[in-house]
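K.L.:
The residues making up each chain are set out below.
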Amino acid sequence: MCIAVPGKIISISGYYAAVDIMGVMASVFIGLLEDPKEEDMVLIHAGCAIQRIDQEHFSYLEKVFTVMQEEVH
Amino acid sequence: MCIAVPGKIISISGYYAAVDIMGVMASVFIGLLEDPKEEDMVLIHAGCAIQRIDQEHFSYLEKVFTVMQEEVH
Amino acid sequence: MNEDKITLAHGSGGISTRNLIKDIFYRHFNNQKLIDGLDSAVFEAQSGRFAFTTDSFVVKPIFFSGGDIGKLAVCGTVNDLAVAGAKPLYLSCGLIIEEGFPIGALDRIAESMARTADASGVKIITGDTKVVEKGCADGIFINTSGVGILDKSYVTKKIMPGDDIIVTGTIAEHGTAISRDRYGLKVDGSFMSDCAPINHIIKALHGYMESIKLMKDPTRGGIATALNEIAEHAGKSIHIFEENIPIRKEVQALNELLGIDPLYLACEGRAVIVADKAESTEILARIRVLDDGKEAQIIGCVEDAENTNVYIENFFGGKRILASLEGNMLPRIC
Amino acid sequence: MNEDKITLAHGSGGISTRNLIKDIFYRHFNNQKLIDGLDSAVFEAQSGRFAFTTDSFVVKPIFFSGGDIGKLAVCGTVNDLAVAGAKPLYLSCGLIIEEGFPIGALDRIAESMARTADASGVKIITGDTKVVEKGCADGIFINTSGVGILDKSYVTKKIMPGDDIIVTGTIAEHGTAISRDRYGLKVDGSFMSDCAPINHIIKALHGYMESIKLMKDPTRGGIATALNEIAEHAGKSIHIFEENIPIRKEVQALNELLGIDPLYLACEGRAVIVADKAESTEILARIRVLDDGKEAQIIGCVEDAENTNVYIENFFGGKRILASLEGNMLPRIC
Amino acid sequence: MGNNLIAELIKAIWTYMAEVKEIKIMEVCGTHTQSIAKYGISSVLPPGIKLLSGPGCPICVAPASFIDDAVRLMMMDNVIVATFGDMVRVKGTETSLDNSRTKDKKPAVVYSPLEALEIAENNRDRTVVFLAVGFETTAPAIAAMIRHAEEKSIHNINVLTSIRLMPPILEIVLEKHDGELGGMICPGHVATVMGEEYFRFLPDKHDICSVISGFDAADILGAIYLIVQSKCGDKKPELKNIYKRCVSFNGNEKAKSLMGEVFTASKGLWRGIGLVGDSALVLKERYMKYDAVYNFNLSPRDHEAAMECSCGDILMGKRSPGECRLFDSACSPANPYGPCMVSTEGSCSVYYRYRR
Amino acid sequence: MGNNLIAELIKAIWTYMAEVKEIKIMEVCGTHTQSIAKYGISSVLPPGIKLLSGPGCPICVAPASFIDDAVRLMMMDNVIVATFGDMVRVKGTETSLDNSRTKDKKPAVVYSPLEALEIAENNRDRTVVFLAVGFETTAPAIAAMIRHAEEKSIHNINVLTSIRLMPPILEIVLEKHDGELGGMICPGHVATVMGEEYFRFLPDKHDICSVISGFDAADILGAIYLIVQSKCGDKKPELKNIYKRCVSFNGNEKAKSLMGEVFTASKGLWRGIGLVGDSALVLKERYMKYDAVYNFNLSPRDHEAAMECSCGDILMGKRSPGECRLFDSACSPANPYGPCMVSTEGSCSVYYRYRR
Ligand code: SF4
Ligand code: SF4
Ligand SMILES: [Mg+2]
Ligand SMILES: [Mg+2]
Ligand SMILES: [Mg+2]
Ligand SMILES: [Mg+2]
Ligand SMILES: [Mg+2]
Ligand SMILES: [Mg+2]
Ligand SMILES: [Mg+2]
Ligand SMILES: [Mg+2]
Ligand SMILES: [Mg+2]
Ligand SMILES: [Mg+2]
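Chains V, Z, C, B, Y and W, in that order, give the protein sequences. Going from the first sequence to my numbering is simple: count from 1 and add 1. Going from the second sequence to my numbering is simple: count from 1 and add 1. Going from the third sequence to my numbering is simple: count from 1 and add 11. Going from the fourth sequence to my numbering is simple: count from 1 and add 11. Going from the fifth sequence to my numbering is simple: count from 1 and add 6. Going from the sixth sequence to my numbering is simple: count from 1 and add 6.
Chain V with its partners taken away, still in its complex shape (with noise of 0.2 Å):
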């Protein structure tokens, strides 16, 4: 129901953003964000950086199974 996009923060000018969408500059509206930054890796939906990305759990899933399969043998 909700396709979203990553990207990343490259300036921000009020309300919008200027984003780096996997090498696409868009505007982005940046304002259900609390403090948004330079640099910081963003969810977009319908224009709308919905949420900032944790990059620290970018493999959590793969950290998760290897523990769970870990377990099992």
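Take these hints with a grain of salt, some might be off.
Said to hold, decoys possible - Below, a list of computed lysine to any residue pairs in the SDA-like style, where the Cα atoms sit at most 20 Å apart:
(1) 330/C <-> 57/Y
(2) 169/C <-> 326/B
(3) 17/W <-> 52/W
To be verified - To give an idea of the chain B side of the interface with chain Y (calculated C-beta under 7 Å), a few residues:
(4) 145
(5) 146
(6) 147
Quick caveat, the hints were computed from the structure, so don't treat them as lab data. Note that the Cβ used here is the ideal one computed from N, Cα and C, for glycine as well.
For chain V, the structure is supplied; the task is to place chains Z, C, B, Y and W with the ligands on it using the hints.
P.N.:
For chains Z, C, B, Y and W with the ligands alone, kept in the frame of chain V given last:
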């Protein structure tokens, strides 16, 4: 200023008549004529018969010309 | 087909487009070159000189007395090939259709194209269908392009003073029928477009190609415009005798009623032929034995004035210049 | 030209039409066959197999990133001839113009057509101009038809399981650029139509024609639709490897943003080639040495399933059917 | 004599012209102008005969503001403008009906005023405005249409009138010419409606030989013959009627009374000429409800901005079209600037097509 | 492990399924449905896993009367209807925006609600009606647009809302299923906004193993892995979040508070399902001036005529699209009848394209 063509009344129905204009049958308004009749030759302008044509005067110019030319010689 | 209107999907290039093409065009145009064709159709031909032409058709109304846009689209291109001295071989059909156009009407048009193509011995071997949004076109537009191979004995030749000018039939039939239909005029009488392939007429003149200098079909702009184009092409003036121009009495009458000059109204099944004087009467005779050539006439000849005007002379010697069409024809009353 | 808009008189067939044709088309297309042509253009050719194709172009916007309707109209037909294995020779140009269209824009379009024709070595030798009332068309529509002569060594051949499928460059460039321009998306990045003649690519493959089974240009409906057409033509299934499809990162990104599948977006300067496995890598190498062939890839191969489906498989072995386009592509958000 | 008549007439004209040498003849009616061109009449006449075209095209003389109003009405959502075809391409101050046209808002071209009424009957939710243009010939047809609307209680028909009368403008023409004109060919169809007597004032008051003529080649040549002949010897200028097959002494009484019932004379603005008293027909008070000027609250037409166009002089026969500096540059049939170029029978348009 | 993760996940799933044999898993989100199809997920899974698609496409569940109103508004002269692309082809009772479109009256397709506001700014003489459709993911963007309109005093923007909430409809789905479902893949982007806790009720109240997942192949396979794994041995159903990179415990507080500021929950009509209490977001009283229903006096949407379409059952996972008797006859992507066929992520449309 006023293109008009001759035609012959074929049949009458109220304010309108079927008129034969050189082989074309057209519906023509005849409300401007006093007592129009079938077989009448009429002069048609803007979809209206504006006058009955007096067939007796068809050769009027020719007659005038002949008389005048004879006068000279 | 469980839908009755053309939708944008029919022009998307996807499944709907393919189905439409199969259901309508493959069925009616039905020939192997079309069905085999992918991006292009393929045909074989011997060495020679080829004729290539194109025309788009935007006629309103789409269905008119004596024809429809499909018949017209085939005749128009067949005739442009024919008057170039070519035997028409293959046609393309490019459609631009307004969203919402009735599929039933499209089917009738395709059927009419197929019938006319058959009658003139050509095949429609490649096509394209585009659909545009409602309001972005007016019903349907058809482009046909055509390829033909030239009669070996025919080349356009230098037009000389004294050459005769033949018209193969009565003029202004198409333009008059369309005007009548377009303006919804309440007149009876036989007004039918002359829309027809004329390649068989040209074919009948095969033996005379050495004496034929130039041919044209007097479509848009009528015979007046065609004659002016010939004069300009020849670099000579033309002298026409008004009395000799074949025109039906009813056509004359309706145009007089409307204040329109029939010399500027389109023919869609006639040719104007410039022929060497020495053979022009024979050529005329050859045309007149054909069913649709009975009304053919020599209407004038080429002259050697210093200009490229077309002069038209009437029964008592009154002469005027017959100019090319300017603007459009509208019914006049004043 | 002292007027700056197209009027109905420009389409009347009279003097205004003639002047327009001379001022714009004779000037830009400037070739003797066009100028000599009366009802048809005439050209000579040797015996052989000829390709004939037609397409109408109704693209909006008329001027887009990387091209315009005129360039597209020439490329489209040149490429349809090229992928049929033909050397493109001559084009026709049929215009339908809405009354009020700026003559300046028409001039730019004609100039662009002429430049593209030059670049691809074809001549526009016959044309037609119709003008329709304001509101009866949307700006300008262009039909081009084309004639080419087939490479003697090329015939379409039976497609066999194991044949490779090559695409000559990155996909979806045209469709993406047009979407960006049409919806006025506020994104930066290099989005340019790939609109270009590809006949020189096919020409470079002259030595390999014995090994080439079929070629297609994946225009309307994109590569997905072209592959389905090939599968249906071959009566075989096709297996594509998603990873091998050349697509620029920005194009991928913008389409992800819009929720559009780039496999359904038009290319206007690419070919899909079905080649015998034995020579496919050599053919690929031959394409890759060309300036505009560097991104060419073998994207999959023909299989012998019982159906004519196109299967697409991804990096982890996930497989699905890639159907033909249904309906139209619109940007999605949900 | 039959068709030979024409040859005889031409011969006689040449004979008389040996004596007369030079003569200017004005044809008042645009349809005469057109016939003269169409039949190539000038080409068979001696060079001493100069044919001038008078103010006889109702399209030519309609003021620019009339077109402006028509365009404005056409652009209204609930209005259909119905008109004779000729009016469609005439430019007003800036544009024409044709150039303002869109797919949905375009003029309905009619052949008869009664067709406009029919359109109104079939479109009861909209107002049809008929552009009522013409001279005495057309006025009865327009009057009949208004009477029909009244009888049938059709209230969604309006007329925007620019109906003009012949005698007042001819007075002005003849005043300016002051004896230069050798004769006048009178409009046969105006006379058909109004009667022979309507033009009696021409010889009686202006001492000019006048011939009421039809529109065939023989009719026109006959009129020229009579005028040229009258110059030989010392004859008093007369009114002659050689169109007796259509023109009676009193004309069409029924048509005249209908005109009188619906219209009244008023001052009228002539394009390129100006205001002329009693030269227009406008709706009588009691038919005001059909008047577009009244219903749409349009400004009265009582003056017109000066134009660069030479139409005024052209209409007066004081200049020929070729002498207008706009001719064939800013003004051509494809892009008419002045009114004489737009009607196919306007002097400039005819000159452009046939005499260049 | 990297890309190898996927291979490992698939292997593990096959291993567990040797024990589990059969399982039904529902993905609620339409974007999940689409990803599953796009990645060919089913093709790498053991045949015992049946993936069902729930009511997670906001386009699919908008009532027919909503489209009817949108079409009516679009046809008004002074209204511009702005919408996400997906809505354009959906049929209402009779027709869609697409099929009613003319050259001048067509929907403005926007990618963001804020674009609709821009259109309003640039067309001050017209009213822009934005078709505000979506779930919790989209609602904050719509709320932000309304707040912006307020701040900038733009009064010519309206919204026609069909915003739906997940929990109430999931309650209904799970009531009907009554233990048949082996697990639930929770919508990752709804959770992004609302937080992990938003779906806690699924295991707690309905005893179903639930995984909040992203949309990559690995994310989806990971969710399936976790669900299948949870069936082995006697484990208590849990809520798991493997989309931690986007989904925090409480979600986006700022977005949630903005939603709360602008919207309030209300009963909502779901196409093919009926009225569901507290399942819709509508404008709060104080933002009523932006409500198209209020401004254009539209009828409330509280019931819907029965449809022949099986959408209700499809949405519930009780039938597969192939079982609808309209499928591929009266209903296809080219001519969609029911809502599940129109969105490219609607169950029927996806099924039509990829699984036939
Ligand atoms: S040429 Fe044109 S501008 Fe000049 S007088 Fe004639 S109509 Fe008027
Ligand atoms: S196939 Fe069409 S009608 Fe049937 S359930 Fe799906 S969307 Fe509804
Ligand atoms: Mg989601
Ligand atoms: Mg192609
Ligand atoms: Mg042609
Ligand atoms: Mg032609
Ligand atoms: Mg095509
Ligand atoms: Mg021709
Ligand atoms: Mg083609
Ligand atoms: Mg093509
Ligand atoms: Mg042409
Ligand atoms: Mg008259």
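K.L.:
Holds or violated: are the alpha carbons of residue 169/C and residue 326/B at most 20 Å from each other?
P.N.:
Violated, at about 71 Å.
K.L.:
With 7 Å as the cut and Cβ atoms as the points, is residue 146/B at the interface with chain Y?
P.N.:
Cβ of residue 146/B sits 3 Å from chain Y, so the hint holds.
K.L.:
Residue 17/W and residue 52/W: Cα distance at most 20 Å?
P.N.:
10 Å, holds
K.L.:
Next pair to validate is residue 330/C with residue 57/Y; report whether the Cα-Cα distance is within 20 Å.
P.N.:
16 Å, holds
K.L.:
Given residue 147/B as an interface hint, is the shortest Cβ-Cβ distance to chain Y below 7 Å?
P.N.:
Residue 147/B check passes; min Cβ-Cβ to chain Y is 6 Å, inside 7 Å.
K.L.:
With chain Y as the partner, please determine if residue 145/B meets the hint condition of a C-beta pair closer than 7 Å.
P.N.:
5 Å, holds
Violated hint: 2 only; the structure is consistent with all others.
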